[in-house]
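The hints should help you fit chain B onto chain A, whose structure is shown.
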Amino acid sequence: MSADTETRSVPEFGQVSRTAGVVFRYLLLAATLVGIVALGVLLVYVAMDAFQPFTADVEWHLTYLGVAVLPTLVAGAYLYWRDGPGLGVAFEFFGLGSVSLLFAGGIAALFIDLVPSLVWLGYLIALVIPILLSVALTRIDHVVPFWVRFLAVGVVGVLSLIGVPGYYHSVPEMVVQIPIVPMDWVILAVTLGGPMAAVVGSLFAGRRGRSAGLRAGAVALVGVLAVAFAGPFLGIDRVPAAVIGAIALVPTGGHVAWTLLERPRERAGLLVPVLLVAGIAAGTVVVSAAGFAGPDTWLTWEFVTGLGSGIGDPQAAGIYPAIVGTMMLMIVVALISFPVGVGAAIYLEEYAGESRLKRIIDVNISNLAGVPSVVYGLLGLGAFVRYGGLTPGTVIVGGATLTLLILPIVIISAREAIRSVPDTQRQASYGMGATRWQTVRKVVLPRAFPGILTGTILALSRAIGETAPLIVIGAPQIFDLPTTLSDRVGAMPLQLYVWATTFADPAFYTTVLAAGVVVLLVVMLAMNSVAIVLRNRYQTRGES
Amino acid sequence: MTQSDMTDDGRIETTTEGDSGSADPEHGDEELIETGVTAGLEENESQTFDGRTIIESRGLDVYYGDEQALQDVSFEIPEKSVTAIIGPSGCGKSTFLRCINRMNDLIQNARVEGELRFEGKNVYDDDVDPVALRRRIGMVFQEPNPFPKSIYDNVAYGLRLQDRTDDLDEKVEQALKNAALWDEVKDRLDESGLELSGGQQQRLCIARAIAVDPDVILMDEPASALDPVATSQIEDLIQDIAEEYTVVIVTHNMQQAARISDRTAVFLTGGELVEYDDTDKVFQNPESQRVEDYITGKFG
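Residue numbers (our numbering), protein chains in the order written: chain A, 10 to 553; chain B, 406 to 705.
Fair warning: there could be bad hints in the mix.
Partner residues are not named here, just some residues of chain B that face chain A (Cβ under 8 angstroms, in silico) [unchecked claim]:
| id | residue |
| --- | --- |
| 1 | Phe546 |
| 2 | Pro553 |
| 3 | Leu573 |
Calculated directly from the structure, the hints in this document are not laboratory data.
Here a beta-carbon is modelled for each residue, glycine too, at the ideal position from N, C-alpha and C.
Just chain A, same shape as in the assembly (with noise of 0.2 angstroms):
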């Protein structure tokens, strides 16, 4: 028997083509080049354009290369293949100091150009007495009715905020006629650096108790002050250096200091960062002390911060009245957007019951979507302009018309991110006797709130981009630094474009355009990057 089945001869299976499948696979892979290396290449033309690097000295090249570049190198790849989340956290560093650094920037923009930190203090003090108010009605239990509440908080924040014409100043009419008030820099390095401390302190109290997180806090808000105080020394002026200590440096140092001591496995990572910085300053010292020539490159300073539109002058042009402007849109944009997409969004999904009309604005939110944006411009001259009576072009025209592009979009992610909460916490809630209002507010908006934050963020990178709508409007193409909502106003891709045709000149297309372009892709991937760094973190706690 055994005998037999050795002797047996192998069977023949003969084969299967997998041609076909081979084909198919390298067609997909195809597909999936092409657009890429596309973008890529055109990405790396525009880097070439504004960057000019090959106008550099090979010297200079070299010493960076040398000092900088090769030993953060060999230390990444050193720890890519000792320990994966080394580098983890070498990344982390990167990304939350340029960004943050970035984010600040945009800031201190506003505070020097646009907001006196004196009303923004006063505001900022009208805002806080009815919270404070509120919060406090809620502690002396529920003795007073919502109704009589809900309407003394309702008049104090008027009064706070607007004050009663004539009769009885507001809050911040009041704070701007104190005699005697603290330095711009001592108030914003208090009213932004003190929230952010409040928040990394609270961070290590959850982890290391309650002195540990006071003593964070008061580190980080003494921090701030040091570091705006200093400012001048470094050759930054007080008011930005306020603002970059609170914005970037407070997380982005809480979380070296987290790393350091809650991570021990990790720390290594920080290494990584560290001898990147410190070879950036060894190579400028080494470069300007032999005299080695850097590139001539177009995205500097000066065009960062210029103010001219540069008719006939590349070198004189400068990108700051259009980024100061996209941040003046945008900034409407999502005060308008996210209540009144979010408030639809919640209506929708917890309130509204199936009905005809909720399947009819079902599918016409789908619709308006995908509507092109010109015909949003339309909409937004013809509302705004033609019947509302506001000047063509400014701030509040736009940033409005902005809105209704890109509400379709916030509404849609919204819904989505509120109908992914599981519908047994529902039940639980409601199975706990819990109405409606407390379900939404306590159970479905905590959870759905992620989702929702980072819906709106990439609907705000879309409508960062957009320059029809701008153009149709009436933003007129050779604009000024924007100061209140009704200047007129002109966007990062609308000056883009006005230098790619109004200006139509060769001199334009390799030089300004190519650094504005960074610009604006550099602006739209922080955004972008806070957004994705909310999903990612969303999705690992909404598995556990």
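Okay, now just chain B, sitting in the frame of chain A:
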């Protein structure tokens, strides 16, 4: 007018003339029903109850759209006892449970006819606030569904909803003790409820339900997602809390019903209540042939 009758196969048949849903509740009716349903019980004296009825279903019909999920269900649930509802899938047992605290209101196309009385009051009357009702009738679901909050906040959830935050710490501790969970979690009340094991999560949900001190606790297959050890812990717990609360439990596990319940209602396909009696009687000597077939595993 409502009449109750025993048919040949022992099924309690309630014939309703006129629209019982809007019929004025007369005392005479109640007595009629009581004698009708309890007629079978009095012969079987093995179990004793306080006898006070807390939940009473009368001619209850439930429809989901055009589909009828419950047909003319009438029975009474005594207080401070465990009443099990068993039956094959799709027989309407969960539907009945969700009628008691009006969770069916949340389902868009559900329609309820007939009466469901809680403490003598029809919960489907216009003047009944379902939210207020649910604060007196707690519910535990099939899947453990703690909130992604701390253990403490989970238990305190219902109390905070009702602004009953005096002595919150003691109430939370008491609820966790009653749910036999205190010893396991007393040192980590700040941790997320989701970090507990499945059985602990379900006991946390029970603690959450009893923290507000309801009259009735409804349980919808509370142990079906748990392993045998956790299941037996939950079963012990259910018998413990039945000393203070009325427990109505839906289960597809007949042994579980036999182990823990005082009375058992058997629903069969089509959403009809076929038999309702003391648990021992239902399992050892069912009146209905269909119930016997179901219990002995001939179908379902």
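Hint check, Leu573 of chain B versus chain A [nearest Cβ-Cβ separation less than 8 angstroms]: Nearest chain A Cβ about 13 angstroms off; hint violated.
Under the criterion of a CB-CB separation shorter than 8 angstroms, is Phe546 of chain B in contact with chain A as hinted? holds, 6 angstroms
Should the hint that Pro553 of chain B touches chain A count as held when the rule is a Cβ pair under 8 angstroms? holds, 6 angstroms
Figure legend: structure checked against the earlier numbered hints; the only hint not met is number 3.
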